[in-house]
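Please put together the full structure from these sequences, using the hints given.
In case you want the letters, here they are:
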Amino acid sequence: MASKTLLVALVLVVIIVAGVAGYLATRPAPTPTETTPTTTPTTTTPTPTTTTPTTTSPTTTPTETTPTTTTPTTTTAPSPTTTTTTPSEAITLVVLTRHPGDILKATEDAFLKSDIAKKYNIVAIKWLQLPPGWWVTYINERKDVDIAWGGGPTLFDVLYNQGLLSPLTSPEVLEAVNQIPDAIAGAPMKRTDDKGNVYWVAAAIASFGFTVNHDKLVMYGLPVPKSWSDLGSPTFGKPLIEYGAPAVGIADPTQSTSNTRMYEIILQRYGWEEGWKLLTAMAANAQVYSGSGDVRDAVTRGDIAVGITIDFYGYTAHLQNPSCEYIIPSGETIVNGDPIALVITSRHPEAAQAFIAWVLTEGQKIWLDPDINRLPANPNVFNTPEGAKRSDLKEAFEAALTTTQIPFNDTLALMYESAMRYYFKAVLVDLNSELKQVWKVLLTKYLNKEITEDQFKKYLSEIGSPLTYIDPLTGKKVTFTIEDAIRVTSEIAKDPKIIDHYMLAWKRAASERYQKVLSELGS
Amino acid sequence: MHLLRKLRFYLDSAMVVQLVVPIVFFSLFLIILLAAVAIFPLVPGISGIAYSPLLLFQDPSMIRFSSTRAPVIIRHIVMGGENVTLIAFFGPNYGAIINSIINSVVVTIGASVFGLIIAFIMARYDFPGKMLFRVLAMVPLLLTPFINAFVIRKMFMYDGIISYFIH
Numbered sequence: 183m184a185s186k187t188l189l190v191a192l193v194l195v196v197i198i199v200a201g202v203a204g205y206l207a208t209r210p211a212p213t214p215t216e217t218t219p220t221t222t223p224t225t226t227t228p229t230p231t232t233t234t235p236t237t238t239s240p241t242t243t244p245t246e247t248t249p250t251t252t253t254p255t256t257t258t259a260p261s262p263t264t265t266t267t268t269p270s271e272a273i274t275l276v277v278l279t280r281h282p283g284d285i286l287k288a289t290e291d292a293f294l295k296s297d298i299a300k301k302y303n304i305v306a307i308k309w310l311q312l313p314p315g316w317w318v319t320y321i322n323e324r325k326d327v328d329i330a331w332g333g334g335p336t337l338f339d340v341l342y343n344q345g346l347l348s349p350l351t352s353p354e355v356l357e358a359v360n361q362i363p364d365a366i367a368g369a370p371m372k373r374t375d376d377k378g379n380v381y382w383v384a385a386a387i388a389s390f391g392f393t394v395n396h397d398k399l400v401m402y403g404l405p406v407p408k409s410w411s412d413l414g415s416p417t418f419g420k421p422l423i424e425y426g427a428p429a430v431g432i433a434d435p436t437q438s439t440s441n442t443r444m445y446e447i448i449l450q451r452y453g454w455e456e457g458w459k460l461l462t463a464m465a466a467n468a469q470v471y472s473g474s475g476d477v478r479d480a481v482t483r484g485d486i487a488v489g490i491t492i493d494f495y496g497y498t499a500h501l502q503n504p505s506c507e508y509i510i511p512s513g514e515t516i517v518n519g520d521p522i523a524l525v526i527t528s529r530h531p532e533a534a535q536a537f538i539a540w541v542l543t544e545g546q547k548i549w550l551d552p553d554i555n556r557l558p559a560n561p562n563v564f565n566t567p568e569g570a571k572r573s574d575l576k577e578a579f580e581a582a583l584t585t586t587q588i589p590f591n592d593t594l595a596l597m598y599e600s601a602m603r604y605y606f607k608a609v610l611v612d613l614n615s616e617l618k619q620v621w622k623v624l625l626t627k628y629l630n631k632e633i634t635e636d637q638f639k640k641y642l643s644e645i646g647s648p649l650t651y652i653d654p655l656t657g658k659k660v661t662f663t664i665e666d667a668i669r670v671t672s673e674i675a676k677d678p679k680i681i682d683h684y685m686l687a688w689k690r691a692a693s694e695r696y697q698k699v700l701s702e703l704g705s
Numbered sequence: 017m018h019l020l021r022k023l024r025f026y027l028d029s030a031m032v033v034q035l036v037v038p039i040v041f042f043s044l045f046l047i048i049l050l051a052a053v054a055i056f057p058l059v060p061g062i063s064g065i066a067y068s069p070l071l072l073f074q075d076p077s078m079i080r081f082s083s084t085r086a087p088v089i090i091r092h093i094v095m096g097g098e099n100v101t102l103i104a105f106f107g108p109n110y111g112a113i114i115n116s117i118i119n120s121v122v123v124t125i126g127a128s129v130f131g132l133i134i135a136f137i138m139a140r141y142d143f144p145g146k147m148l149f150r151v152l153a154m155v156p157l158l159l160t161p162f163i164n165a166f167v168i169r170k171m172f173m174y175d176g177i178i179s180y181f182i183h
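In order, the protein sequences belong to chains A and B. For the first sequence, the numbering used here gives the first residue as 183, with consecutive numbering after it. For the second sequence, the numbering used here gives the first residue as 17, with consecutive numbering after it.
A hint or two may mislead.
Label-pair ranges, simulated between beta-carbon atoms [to be verified]:
| no. | chain 1 | residue 1 | chain 2 | residue 2 | range |
| --- | --- | --- | --- | --- | --- |
| 1 | B | M173 | A | E271 | 44 to 50 Å |
| 2 | B | V40 | A | I526 | 40 to 46 Å |
| 3 | A | K640 | B | S63 | 33 to 39 Å |
| 4 | B | R169 | A | E323 | 43 to 49 Å |
| 5 | A | T656 | B | R169 | 40 to 46 Å |
| 6 | B | I113 | A | L294 | 20 to 26 Å |
| 7 | A | V406 | B | V94 | 54 to 60 Å |
| 8 | B | F42 | A | S512 | 55 to 61 Å |
Pairs of lysine-lysine, BS3-like flavour, derived with a Cα cap of 27 Å [said to hold, decoys possible]:
| no. | chain 1 | residue 1 | chain 2 | residue 2 |
| --- | --- | --- | --- | --- |
| 9 | A | K676 | B | K170 |
| 10 | A | K408 | A | K676 |
| 11 | A | K308 | B | K170 |
Simulated from the structure, these hints should not be mistaken for lab results. A virtual CB, placed ideally from N, CA and C, is assigned to each residue, including glycine.
Here you go:
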């Protein structure tokens, strides 16, 4: 009898806890802000800040020190500053960042030992690593963030437009800023307002392309790819047919911001319709990995012959496996500056600006570490002894300077980014197996010359062009044009729960299409 | 009160601790999670459309009735100038849910058969190194708490459910 009442009591406790949990779970959660710019598009298009054409040779950057061998210096000459003496209380800088732990550790170790840190009595750095959607919320709620570092120009433009950044004013930091070119390959390295105040500066640069494994290319008998369209070509689909193994590697855009960027580049370079056809062909030729690091590792190991990666992953792969090489698809990519900025809530603006000045000069050596491998923004770092050892990065830097960029519309990309990512995931990642099923039949017939090239293009168009699906909100048939993608992105921003419904609608429409083409081809 | 008196009669302090600690632990780290996962999607958002688990049956990447690929491919090809036989194992693809069911059934049957054989050997035979073998046979039992640790770590992250309540 007693054990029965005990059992009843236990069950009651469990039910009560579950009920409380259910109630609390259904309360609206504090949502992170989307990274869409809130001001009208006219003020956010990046404009070049100088009127004189920037020279691209590294030895003629506008500095005031001697032109030949300049080492990155920070001015220690006494200059009129707003603070009078060295602050007596020990300062801890709060830095909001997207950089990974190895960069942060190297920076902390090097900076806290430096003279600048001692001069401003900076004894510690507190790192806050957060995804971009949380930055605005945290800056507004913590009210003590000093510096924002790393995360891409789009995120920093959002902060700038929301008025969360302070202009850089101390002479030290302005001298460092002058060592950074105003633009590289047409991409802005600084954000200034119309009065000439600098709000953010690029501390490193990155481009997007692919990393190849030359040994694997030779083994598969493939040419070295030069453009994105090579990755979606039937040539690069041959290993899939012959060996059952994909030669290309891509990553899920919902798990990787760098891959999201690359797909946006392809969509803007090739146009919306042709871009989606190319992305479909690439996804069909490729093994889809869950992260961009996995793509790089697969290329290094030799599982695949080419993987789409951000540039510094390519340099790391090259160091780990010398037959790997990073290739920039010229005329089909963009160069991004990765910014650092002073946040308006900083409690120690002079110390914070000193840190920024250090990152832009002495701190550029951190990028040269063989485990980090990023391209610096300050060309003077290659004149230091550490810089001289990394001739591979110097060559890559010079290649980036001379790359032709595509005209890339950041604002437009942000307007359809959410819809693009979930559409890609639904149609090309979750249904990748079905896509390969029809792709293998199509490729085999094409390579055996059973169908002509025009027929091949027609079938590719049928499976690759933007879907016509039934919109879950209205029940009507719509096509996934750019305007529709923009509309869906704003719907998702209003109600994130609608994402699953859209993905289901896309998956059903895509699956129908794949099966229809499969039966047309007649397996 | 009748209930309370009976409880106080049967429980001593050690037993109370042994009861309360697991209840709290499992409530926090299992029941709350399951309740959140089950209930939260069913609450409609601003658009007024709620998610129903029945929708999973319409999702071709979750449940499908024809496999998208052959489980095994055997082919004779030329690789690196030599004639080789290529055997590739893919496994069938019936959608994520059915794949998981197939996976669990095969693994359960396989593990049970294997476990039965080991248990039979341990019960019937004596051989040098039997103690070591007995210890090694227990190792797979230690793996499952790692999954729990992974889930608890996720709960404490900036977007995890514990941080949500503390916020």
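| field | Unsatisfied constraints (hint numbers, rising) | value | Hints 1, 4, 6, 7, 10 are the ones this structure does not satisfy, whereas the remaining hints hold.
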